[in-house]
Amino acid sequence: MIYKVYYQENAVEVPVRENTKSLYLEAIDERDVRMKLKDRNYNIEFVQLLEGNYLEYEQASEHFHVEKI
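According to my numbering, the residues represented by the sequence shown are 3 to 71, in order.
Read the hints as simulated data drawn from the structure, not as lab findings.
A portion of the hints provided could be inaccurate.
With a straight-line cut-off of 35 Å between C-alpha atoms, the simulated DSBU-like cross-links for lysine-lysine are [to be verified]:
hint	residue 1	residue 2
1	Lys40	Lys6
2	Lys70	Lys38
3	Lys40	Lys70
4	Lys6	Lys70
5	Lys23	Lys70
6	Lys38	Lys6
7	Lys6	Lys23
8	Lys23	Lys38
9	Lys40	Lys23
Given the sequences, and given the hints that come with them, work out the whole structure.
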């Protein structure tokens, strides 16, 4: 399954919407996503499962790149 993760790069700073970034990750479930990213000092705001039309929409974006972890 493909997940879109919204995060802040620094977990100790107060989250600011303008600094929110996203990445795409293949994982079994949300817990697996968080385990794969735990060594990065990210403040994970939201993990979203991509499927159906939403996945197709994201895949059409030039920014779509699934990270290999």
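Violated hints - listed by number, lowest first: none
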